[in-house]
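Numbered by our numbering, the letters in the sequence shown go through residues 1 to 396 in order.
Note that these hints are calculated values from the structure, not bench results.
Everything numeric in this text was worked out from a predicted model, so none of it was measured.
A portion of the hints provided could be inaccurate.
As the list claims (entries may be wrong) - The list that follows gives simulated cross-link-like pairs (lysine-lysine, DSS-like), each with its CA atoms no further than 25 Å apart:
1) Lys109 with Lys310
2) Lys209 with Lys310
3) Lys146 with Lys387
4) Lys387 with Lys89
5) Lys89 with Lys310
6) Lys265 with Lys310
7) Lys143 with Lys387
8) Lys144 with Lys265
9) Lys109 with Lys345
10) Lys89 with Lys345
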Amino acid sequence: FFFFSSLTNPSGERNRQQQRFGRTIPTKLLHQNTQYKETMATKTSAAKTAEMTALVKEGAKNDAVSVPKGDAENQATGPKTKAETQAGKALMACTMYSGCSVSMILVNKSLASSYSHMYDGDLNVFLVVIQAVVAVVCVEICKKFKLVEYPAFNLETARLWAPVNILFCGMLFTGMASLQHNSVPMVSVFKNITNVVVTFGDRFFFGVKVEPLVLAAFSLMIGGALAAAANDLSASPLGLFWMGANVFSTAGYILYMKFATKNVKLSKFGMVFYNNVLCTLFLFPITLFNGEMNIFMSTPALHTSDYYMKNFFSGFVGFFLNFASLNCVAATGPTTYATVGSLNKIPISLLGYVLFDDVINSQTWMYIVVSMMGGFIYSYAKIRAAKQRTKESSSS
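Produce the entire structure from the sequences given, and follow the hints as far as they go.
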């Protein structure tokens, strides 16, 4: 303490220390300490001046500010690592969505094949309501055990999310109506046209660039669907109306879902909660008016533990499908989401052949092969576009 204090004020500090310790501090020692301070300050200033002079000369020589090696490596590899991370997330999101979607269709097909002969009519909307209720129960249980977090039900948030469910209901009902007035192959052709509408909607509303190879992939898929359905392209004016309505309601549902996932301040599980709560509120009254609830209540063969367990399992899969759909749209975009949905017909056809003895004729095989080719071209186009963006970000 004496040493460092004496460096700042030798005479004053000498008097204070003499008073504190009650003895005389040698003046010679204080003088030596003062000289030491001045010498160290001189050396430090000289060293700093020499270092700054060297840096300035080096900068003038290279005509650039030097960057530390570690930072340079990070700048060189940063965009590439980020692009690879985004590609991995997109692949995971697409795989999860495809797996959940295929599983849901197969579970519903199992329910239909096992119980449809026990009643007259169909229970399509009723099954959607059951799945929505089970999904709400699942997400609430997760929240109860603090596995997920989202705010309590709020009317303003519900208002912002409601168009997603309204468009979903429109997609559901126009799809049912189009199947009643058109052949299945014709519906498949229009489903592929939906991808094109979604692509240009993505361009118009969100400014996403449309790659020529993407349009080539869609053209190939539509051509394959037309070739596979060449002998069964029957449609009526009313059927074409319902198909057109289904195309635009499906495109609107997918595009608004992207808008909602970016602008509604909710976690993914909060979106699952609102999506299924509103779906139940919108569709449950319809089951009362179209007679599906009455069919279920008046059919004792459906009041079995087996039927309940299968419906609970389908709702459990639907819970994951909701999350996977929202995650896929957020991670990849509406165009890729719609394309993956179209390509899901390939594993569904193959698994239907293995599990349910569905017949795959030559036309179906043609559709599968052409759709796979279109899917490969689409994937290549997206990978190439991602690499191009990485190069542009690296150069900038």
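Quick rundown of the hints versus the structure:
1. A hinted pair counts as satisfied when its Cα atoms are at most 25 Å apart, and Lys109 with Lys310 qualifies at roughly 11 Å.
2. Distance restraint check for Lys209 and Lys310: the Cα-Cα separation of roughly 43 Å exceeds the 25 Å cut-off, and the hinted pair is therefore not satisfied.
3. For the proposed pair Lys146 and Lys387, the alpha carbon gap of about 40 Å is over 25 Å, so the pair is violated.
4. Restraint check for Lys387 and Lys89: satisfied, since their Cα atoms lie roughly 16 Å apart, inside the 25 Å limit.
5. With a CA separation close to 31 Å, the supplied pair Lys89 and Lys310 exceeds the 25 Å bound.
6. Taking the CA atoms of Lys265 and Lys310, the gap is near 34 Å; set against the 25 Å cutoff, the hint is violated.
7. Our distance criterion of 25 Å between C-alpha atoms is broken by Lys143 and Lys387, whose separation comes to about 40 Å.
8. Distance hint between Lys144 and Lys265 is fulfilled; the C-alpha atoms sit about 21 Å from each other, no more than 25 Å.
9. The suggested pairing of Lys109 with Lys345 holds, with an alpha-carbon distance near 14 Å, which does not exceed 25 Å.
10. Taking the CA atoms of Lys89 and Lys345, the gap is near 23 Å; set against the 25 Å cutoff, the hint holds.
Hint compliance for this structure: hints 2, 3, 5, 6, 7 are not met, and every other hint is.
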